[in-house]
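Residue numbers (the working numbering), protein chains in the order written: chain A, 1 to 264; chain B, 1 to 792; chain C, 1 to 157.
Hints are computed from structural coordinates only; laboratory data are not their basis. Check the hints yourself; a few may be wrong.
[What the hints assert, rightly or not] Listed next, the in silico DSS-like pairs over lysine-lysine satisfying Cα-Cα at most 30 Å (straight line):
1. K447(B) <-> K144(C)
2. K55(C) <-> K85(A)
3. K162(B) <-> K51(B)
4. K14(B) <-> K115(C)
5. K39(A) <-> K2(A)
6. K59(B) <-> K313(B)
7. K115(C) <-> K2(A)
8. K570(B) <-> K589(B)
9. K59(B) <-> K88(B)
10. K14(B) <-> K566(B)
11. K85(A) <-> K115(C)
12. K39(A) <-> K5(C)
13. K55(C) <-> K445(B)
14. K86(A) <-> K5(C)
15. K59(B) <-> K2(A)
16. K144(C) <-> K14(B)
17. K23(B) <-> K5(C)
18. K144(C) <-> K55(A)
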Amino acid sequence: MKDFAFHRPTTIKDAVALLKHHSGGKFLAGGQSLLPVLKLELAEPTDLISLAHVKELHDIRHDGGNLAIGALVTHDQVHRSLDVKKAIPALATLAGGIGDAQVRNRGTLGGSVAHADPAADYPAALVGLGATIVTDRRKVAAEDFFTGLFQTALAADELVTAVHFPVPRRAAYAKFAHRASKYALVGVFVAETPGGVRVAVTGAGAKVFRVPAFEAALGKKLDASALDGLTVPSTGFNSDAEASADYRAHLVGVMARRAVQALA
Amino acid sequence: MTTHQGIGAAVKRKEDRRFLLGKGQYVDDIVLPDQTYAVFVRSMYAHARIKGVDTAAAKAAPGVVGVFTGDDIAADGLGGLPCGWLIKSKDGSNMVEPAHPALAQGKVRHVGDPVAMVVATSKAAARAAAGLVDVDYDALPAVGLLADAFKPGAPVVHDEAKGNVCYDWHIGDPVATDAAFAKAAHVVELDLTNNRLAPNAIEPRAAIGDYNAANDHYTLYTTSQNPHVIRLLMGAFTLHVPEHKLRVVAPDVGGGFGSKIFHYAEELMVTWGSRKIGRPVKWTADRSEAFLSDAQGRDHISHARLALDGNGKILGLQVSTQANLGAYLSTFGSSVPTYLYATLLSGPYDMPAIYAEVKAAFTNTVPVDAYRGAGRPEAAYLLERLMDKAARQLGIDRIDLRRRNLIRPDQFPYQTAVALQYDIGNYQATLDLALQQIDYAGYDKRKAASAARGKLRGFGISTYIEACGIAPSAIAGALGARAGLYEAANVRVNPTGSVTIFTGTHSHGQGHETTFAQIVAEKLGVSIDNVDVVHGDTDRILFGMGTYGSRSAAVGGSALVKALDKVIDKGKKIAAHLLEASVGDIEFKDGNYRVIGTDKVKAFGEIAFTAYVPHNYPIETLEPGLEESAYYDPKNFTFPGGCHLVEVEIDPETGVAEVVEVAIADDVGTIINPMIVDGQAHGGLAQGIGQALYEEVRYDAEGQLTNGSFMDYCMPRAADLPNFKVGNHVTACTHNPIGVKGVGECGAIGVPPAVINAIIDALTPLGVTDMSMPATPEKIWRAIQAAKKQGA
Amino acid sequence: MATIKLTVNRQAHTLECASTTLLVEALRDHLRLTGTHVGCDTSQCGACTVHVDGKSVKSCTMLAAEADGAEITTIEGLATGGELHPMQAAFREHHGLQCGFCTPGMIMSATDLCKRVPDPGEHEVRHWLEGNLCRCTGYHNIVKAVRAGAAGMRGGK
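One chain only, chain A, in its complex shape:
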């Protein structure tokens, strides 16, 4: 690991100011994605700006139709939060399936979202639920936020502060995990929302995406059988020794049906 300066701001304002000042720096949330990157020297920031002491990033708030989760809330906290379980149980379940127990104790919603790993679980929930990413300066719709492989709409010094999830009628997440890494080979989030059924897929492609054909079919009949005979094209899907693009495409269908069956 290359040497860096370590900062511990206590406000969002200070955190952002620090990164503005140290343009070669990076925000550090739970570090469960960033530290492995640093250890492999795939990134060599001059400064690390720890967000751990920024109190305003740690809240979970549920006000009727909206669930607001601070960027520094850990996966374990999301998994166990009574507010989350009540509002969007599928989100609590999803968080409980990220990585492993130790990773969930450190890893955060904001860190995961900003890292934008193509096989991360959260992006499926964010896009599936039509969430809004709140930053220090603006709000971005989830679908506009994830722009590519490890790419987001964030400016270099922009900080994710929270994610606002509209509460759906029902939702579910079905994940087929990579057997070694436990990341999603394919994860499908299905949500029944006032605006219609949304289906979002992570793990299969370079970034999370929706499946309009599935959404249309499920909009007519919200039952797993509505997906019978429907497939997604595997064009552009990830393909590796663990799973070919074709197999991933097949799994999208299977996981989508299972998510529909698990809607709660």
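Starting from the known structure of chain A, fit chains B and C onto it as the hints suggest.
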């Protein structure tokens, strides 16, 4: 003793406390004064010519105290890493043994081949400086896959090994086997691969070299299963120092599974490097480095043919195997696909004729050597897949087919067609016990319950045998081994009657500190709390060949029994003197010497005390003290065996296969500690199921490793495995004093074919007839799709 | 260089270390608490698991600087007064360890589970332990030990 602690008692382990408290001492936990840190610069090329190595920038980097290359070790006359087993080809010629320098000289031959060692005052400084070593490579075409190694025009790994052939060996009787096939009613043929595995002990390898200039003495702390073997090889072949000037210590070692048997470049380099720089040099592997430098296992491609008569009785077996040895010959690499594999091809079956050919290849991959089971899993997998295919082809129930062919108890000693003579066993009993353990009668019900949940259930069987307790030195020597394979033990009875024993075997999870103490308790009647077991230090232990091949109890335990018998005999002489009786009238039982038929008794402790305080002592005829040593050279291999049964559930939509039931019955001979024996079986089963479902080292055709981390090499986790039902049926080994056979490897040997047979069984109704390891979800899903297409 | 104050096994420490120092390096190299092990470099094996403010964490995937002000418990801090913690005792009783290398991480992970779930079922234990690799035991006896250790912890022993 109030409770039985001897042979057969499930006593808790003596070594546990230090591990549970975090007080174990592994090599990386050791910090020596003034210690420096080594980092190896490794090739990123699978095959390349080294045009030059520029170390100037690294040498000038902060904290660097030394940078060494292949030229430096060549100039100093360091020897190449040797191979311990000479295999002769069919034509009588010796195997090709290319040089294996500790740092590459002229060429690199696999990704990870070490090119330079950078030593600095901190690991961070060494790592930073390693990045400054500028190696000028001229990339060469590489051969990354065994399947390509013998193809005409394939890149050549070593100029002296034409066509990449290390040896082309055979065993058995080709004429008798041809005759068997000529009269066969049925011939069953099968092509299969045995997937390449990474042993992945959770403790990465580590080594510290510490040269003391004052007395010209070296100490090496290393993660080894056999410190004496390392000392022998370093003394005689690589470092060229007399053995009394080299101490090798293997302290607590965090698992080995074979991978820590071998003499590795890094331990040689830190020892040598310590002399060059005059300070201790420490190296600890990262996991990603382990994937590039630890010897790996398996990697066979085989074609097999089985001849049977009209009743399903086996007449003969023909096997042709290609084995990958990697880029260089590792310490025992040559012996694994030959004498540890093909000699086991008779399995537990009465098989009149066998002929096996093994052609071993050099490839641009990490060396391949022994990994848990070493050759025997490959043999069991081949045979048991073949037996299931035969059962399907002949329309005979697979259990019945095995029963028709298992060696009967009255056939022992049984001479196989491939050199081994099995002393004893009862394969029918282990088969019956395993079937009972899994509740075979209830299988149909379980299958129906699975079906109701949309799952395909399959049942898989494997009846297997292995050869352990290596090895009779004379036989091994005649077959090409370049070392003896006996074991040594030293028993030191202390004046107050406590006992310290010194064994040449090494415990790295097997629990020898407990089981060896139990042997002492059994023989001397002392509590295991009064027995200390010392292992892993060439300065403290007289000699030893170490722990591998499930040999420790059978060979090391037998040496211990011999030494204990000498102690008891000497004690008898002392007791006879004290009790004023003749030695012939003294018996030793339950810790007491007694004049037979009288109440005249001396406790063992009193005899020990007398030996060290010889006031009233037969000093003219007997030396004081009570300490004895013994060497034991086994008379034969031991032959554990048994039956492994597996039930899988397959999700036909995703192709995921889950092992839901495992029931095994093994015959590992006399059981010293049932708790430990079961634990050994569990661990082997996990690795065996790992091979069948999860694990595979993947190289591409150009020799790049594509899954060199735990992010993509799938290690079995707790949630991937079921509970195991483990049973034992004991027939005691006939030729060692305890009757033990060995338990370290059985799980890894028996279970892989049972898993694959279960998967094929589950998929047979869909028309699937074959499956390879690891049976990944995608493979299973594809097999289902292909069968559907064919059926449509 | 950074100055880090942290409490390890109920003892306060002030460390001077490079900002890049991982928590596991601070524990092993600076405090010589070598019971916490390193078995991989990709945050998979869990041999380095310790408790940070009561929660199990992979100390190879956390900077020492992040632990500034935290309460750390390592395997060395689990037993009190020479007596094994109930989870340690259960691992011994049920032969939940062989080579001992993964054991400290396993135990630290298991105690975190049992503080949250006083009586975990087999399925729960197996899934909780996804972040801990063992190559020796096949997990069979570890699962048994964790459930027995949970009972011991409930009993307050």
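Status of the hints after comparison with the structure:
For the given pair, K447(B) sits about 27 Å from K144(C) by alpha-carbon distance, which is consistent with the 30 Å threshold. In summary, the hint linking K55(C) to K85(A) is supported, as the alpha carbons are separated by about 21 Å, within the 30 Å threshold. A threshold of 30 Å between alpha carbons decides the hint, and for K162(B) with K51(B) the separation of about 24 Å falls inside it, so the pair holds. A hinted pair counts as satisfied when its Cα atoms are at most 30 Å apart, and K14(B) with K115(C) qualifies at roughly 28 Å.
Restraint check: the Cα-Cα separation between K39(A) and K2(A) comes to about 9 Å, which is no more than 30 Å; the hinted pair holds. As the CA atoms of K59(B) and K313(B) are separated by approximately 69 Å, the hinted pair breaks the 30 Å bound. Using a Cα cut-off of 30 Å, the hinted pair K115(C) and K2(A) is violated, with the two alpha carbons roughly 37 Å apart. For the given pair, K570(B) sits about 14 Å from K589(B) by alpha-carbon distance, which is consistent with the 30 Å threshold.
Distance check on the hinted pair: K59(B) and K88(B) sit about 45 Å apart at the alpha-carbon level, beyond 30 Å; violated. Straight-line distance between C-alpha atoms of K14(B) and K566(B) comes to about 25 Å, which keeps the hinted pair within the 30 Å bound. For the given pair, K85(A) sits about 21 Å from K115(C) by alpha-carbon distance, which is consistent with the 30 Å threshold. Distance restraint check for K39(A) and K5(C): the Cα-Cα separation of roughly 23 Å lies within the 30 Å cut-off, and the hinted pair is therefore satisfied.
Between K55(C) and K445(B) the CA atoms are separated by roughly 44 Å; this puts the pair beyond 30 Å, and the hint is violated. For the hint pairing K86(A) with K5(C), the CA-to-CA distance comes to about 39 Å; that exceeds 30 Å, so the pair is violated. A C-alpha spacing of about 19 Å is found between K59(B) and K2(A), which places the hinted pair at or below 30 Å, so the restraint holds. The straight-line distance between the Cα atoms of K144(C) and K14(B) is roughly 20 Å, inside the 30 Å bound, and the hint therefore holds.
Straight-line distance between C-alpha atoms of K23(B) and K5(C) comes to about 24 Å, which keeps the hinted pair within the 30 Å bound. Under the criterion of a C-alpha separation no larger than 30 Å, the hint pairing K144(C) with K55(A) is inconsistent with the structure, at around 40 Å.
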